[in-house]
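Residue numbers for the sequence shown, in full-length UniProt numbering: 1 to 99.
Heads up, some of the hints might be wrong.
To be verified - Have a look at the derived ranges for each label pair, beta carbon to beta carbon:
1) Ile28 <-> Arg50: 27 to 37 Å
2) Thr81 <-> Lys25: 39 to 49 Å
3) His87 <-> Leu7: 39 to 49 Å
4) Phe83 <-> His52: 39 to 49 Å
As the list claims (entries may be wrong) - Taking lysine to aspartate or glutamate pairs in the DMTMM-like style, the calculated list, with each CA pair at most 25 Å apart, reads:
5) Lys25 <-> Glu71
6) Lys25 <-> Glu35
7) Lys25 <-> Asp92
In short, the hints are calculated from the structure, not lab data.
Ideal Cβ positions, reconstructed from N, Cα and C, are used throughout, including at glycine.
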Amino acid sequence: MNPVYYLYLAALLFTIGAAGVLVRKNAIIVFMCVELMLNACNLAFVTFSRLHGNLDGQIIAFFTMVVAAAEVVVGLAIIVTFFRSRHSASVDDADLMKL
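Required output: the full structure, derived from the provided sequences and hints.
Listed below in structure tokens is the structure:
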């Protein structure tokens with residue numbers, strides 16, 4: 001299969017994730033869209049790695065997945081704490097956390 005198709009898929013996934021971050025107001029949906037964008041970047045890294053015949057892109061994708069897993073733990077803890085205190089997961093209410 002042509003590697004260009006994988007890059008097109010990565011660009012499409014990244015665009016969907018970016019649109020979700022910009023349009024949605026629910027923090028969990030925004031969080032999932034950020035994860036979709038990270039996965040699109042991982043797909044591009046692995047595609048370029050296969051295209052050039054080295055492992056650099058795959059190693060970067062692995063470290064990106066490790067950082068994304070840590071982000072999930074911290075981000076979901078913040079969202080759950082915010083939901084327990086405000087009974088809302090709206091991004092618009094996030095500015096009330098500084099009170």
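Hints violated by the structure (listed by number, smallest first): Failing hint: just 2.
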